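**Q** When we follow the numbering used here, the leftmost residue of the sequence shown carries the number 357, and every step to the right adds one.
If you're looking for bench data, these hints aren't it; they were derived computationally from the structure. Hints are all accurate, no fakes.
Calculated lysine-lysine pairs in the DSS-like style (CA-CA distance at most 27 angstroms, straight line):
| hint | residue 1 | residue 2 |
| --- | --- | --- |
| 1 | K458 | K427 |
| 2 | K432 | K414 |
| 3 | K432 | K395 |
| 4 | K414 | K384 |
| 5 | K414 | K458 |
| 6 | K365 | K377 |
| 7 | K395 | K384 |
| 8 | K409 | K384 |
| 9 | K414 | K427 |
| 10 | K434 | K377 |
| 11 | K377 | K395 |
| 12 | K377 | K414 |
| 13 | K434 | K395 |
| 14 | K432 | K458 |
| 15 | K409 | K377 |
| 16 | K434 | K384 |
| 17 | K395 | K414 |
| 18 | K395 | K409 |
| 19 | K384 | K365 |
| 20 | K366 | K377 |
| 21 | K384 | K458 |
| 22 | K432 | K384 |
| 23 | K384 | K366 |
| 24 | K427 | K384 |
| 25 | K414 | K434 |
| 26 | K458 | K377 |
| 27 | K395 | K458 |
| 28 | K395 | K427 |
| 29 | K409 | K458 |
These numbers were taken from a predicted model, which means no experiment stands behind them.
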Amino acid sequence: MFSVIDRLKKEIERRFFNDNKIIMLGIKALVPESTTFLKTADIVAFGRLYRSKSQDLKIELENMRRVFARKPDASKPKTLLQLQQYISRVADAFYEMNRLIKIACTLPVSTCACERSFSTLRIVKNYMRTTMVQNRLQSLMILGVHSRRSRKLDLHNIVETFDTLYPQTEFSCTDVIKTYYHYELIYHILE
Numbered sequence: 357m358f359s360v361i362d363r364l365k366k367e368i369e370r371r372f373f374n375d376n377k378i379i380m381l382g383i384k385a386l387v388p389e390s391t392t393f394l395k396t397a398d399i400v401a402f403g404r405l406y407r408s409k410s411q412d413l414k415i416e417l418e419n420m421r422r423v424f425a426r427k428p429d430a431s432k433p434k435t436l437l438q439l440q441q442y443i444s445r446v447a448d449a450f451y452e453m454n455r456l457i458k459i460a461c462t463l464p465v466s467t468c469a470c471e472r473s474f475s476t477l478r479i480v481k482n483y484m485r486t487t488m489v490q491n492r493l494q495s496l497m498i499l500g501v502h503s504r505r506s507r508k509l510d511l512h513n514i515v516e517t518f519d520t521l522y523p524q525t526e527f528s529c530t531d532v533i534k535t536y537y538h539y540e541l542i543y544h545i546l547e
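Model the full assembly from the supplied sequences, consistent with the hints where possible.
**A** Written as structure tokens, this is what we have:
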């Protein structure tokens, strides 16, 4: 019993102390809706982990506070991603902040997402598809990783939208889909 409690305590300390705590507090300080938004100590500590120039970062934080103080509430970014999009327009003025916000946006929440991506990659890029173009591979990976959401897509609606957007194609995708479903139905009947 005590070994389980000791293990649990060590895991909590490992996960929520040292560098992990600095990272979590730093990301929290970058979220506009957070109570610690633009807190210098947290962001500078977060920046040190990623070799940011502390002096430049402090100056950028002060300038960013001034910028947001002058903006009306309706036009202020609400999420980390909105902040990144806003800062990327003036990336030269906020180089260190832009870099840290990009890092915060791309850090994985857990290893589960990475593991799911690799297992999906193994399924998508098997020996039959080794000559696949990178763009197609990326599209299939997105569909594979988010398979629950992609199963909910209405394929007929997508095909009809494609047909209306690109009427100049030599064939109608709707006709191709109907033919495909017709052959699929015949195949299942013959089984």
